[in-house]
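Protein chains: 2
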Amino acid sequence: MMKLALEEARTAASLGEVPVGAVLVAGDLVVKGHNRVISDADPTAHAEIVVMREAAQRIGNYRLVGASLYVTLEPCIMCVGAIVQARIQRLVYAVQDPRYGAVESMLRAFDLNVNHKPEICSGVLHEQAGLLLTKFFQARRKGEVPKWS
Amino acid sequence: MMKLALEEARTAASLGEVPVGAVLVAGDLVVKGHNRVISDADPTAHAEIVVMREAAQRIGNYRLVGASLYVTLEPCIMCVGAIVQARIQRLVYAVQDPRYGAVESMLRAFDLNVNHKPEICSGVLHEQAGLLLTKFFQARRKGEVPKWS
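Residue numbers (this note's numbering), protein chains in the order written: chain A, 3 to 151; chain B, 3 to 151.
Warning: the hint list may mix true and false statements.
No copy labels: a pair is met if it fits in one copy or bridges any two.
Capping the alpha-carbon separation at 25 Å, the derived lysine to aspartate or glutamate pairs in DMTMM-like fashion look like this [stated by the list, open to error]:
| id | residue 1 | residue 2 |
| --- | --- | --- |
| 1 | Lys119 | Asp42 |
| 2 | Lys137 | Asp113 |
| 3 | Lys34 | Asp99 |
| 4 | Lys144 | Asp30 |
| 5 | Lys144 | Glu121 |
Calculated directly from the structure, the hints in this document are not laboratory data.
Just chain A, same shape as in the assembly (with noise of 0.2 Å):
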């Protein structure tokens, strides 16, 4: 699942927007999905939200009872709040992101007041999913990829 999370990952690369990936399963649904900011003009469209949006639309309940998220970097504050609202069960991402993620880095956000906290397993195929950030901005600082915002 991390596999077709860098996947997605290295589309948004592709598209100009930040390399983060997604997956969520949750039974035999499978979705997958990208960070679409730019393309969407949506400030919520981190891939987290992206797969967490489709999969309720399509199971009909806001609640993902059940479900693992997989994605390449860890959530931000936006995203952890928006896995407490899905009750999202299990949690697995990439590489840390010490300057905003809100797992364990900048903040320990599901150590919080917050009313569901998922298992959480981190590290998986992480310097896959940090040699493509890594890239990204580097290139970006070059001017090599458009940055549209």
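Model the placement of chain B on the given structure of chain A, informed by the hints.
Okay, now just chain B, sitting in the frame of chain A:
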């Protein structure tokens, strides 16, 4: 603007949704919305996010630079994160949320290492907004309002 947001909150209540309403003002654009989590089967469809997403789509940019956001309840961590992503300039809210509020109650999220901080004004029409929430939850506990989740 807060009176308009309160009207939206009442609409949410009539639909069995937790009564929170929001209004976003960006130049000549005024977008109204309310909590639609259950109706839309969308875990992220809090009032704040509903209006930010619609405004961003109408403007064609995920950054709502210079925008003011009025909401009847103190935003949660998900919505604070979205406010940061959208670069909202001014946040005005009515009543505090002692349990999940992430501006000044459960957490002071804008004091963390976030890359944007709006001007904040709280307490506007807080009595009306608070009463609406109290009445809604009292009624729901008595089974007078459909609980769809």
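Here is how each hint holds up against the structure:
1. Lys119 x Asp42: For lysine 119 and aspartate 42, only the inter-copy Cα distance (23 Å) is at most 25 Å; the intra-copy one is 29 Å.
2. Lys137 x Asp113: neither (32 Å within a copy, 30 Å between copies)
3. Lys34 x Asp99: within (21 Å within a copy, 34 Å between copies)
4. Lys144 x Asp30: neither (43 Å within a copy, 37 Å between copies)
5. Lys144 x Glu121: neither (39 Å within a copy, 34 Å between copies)
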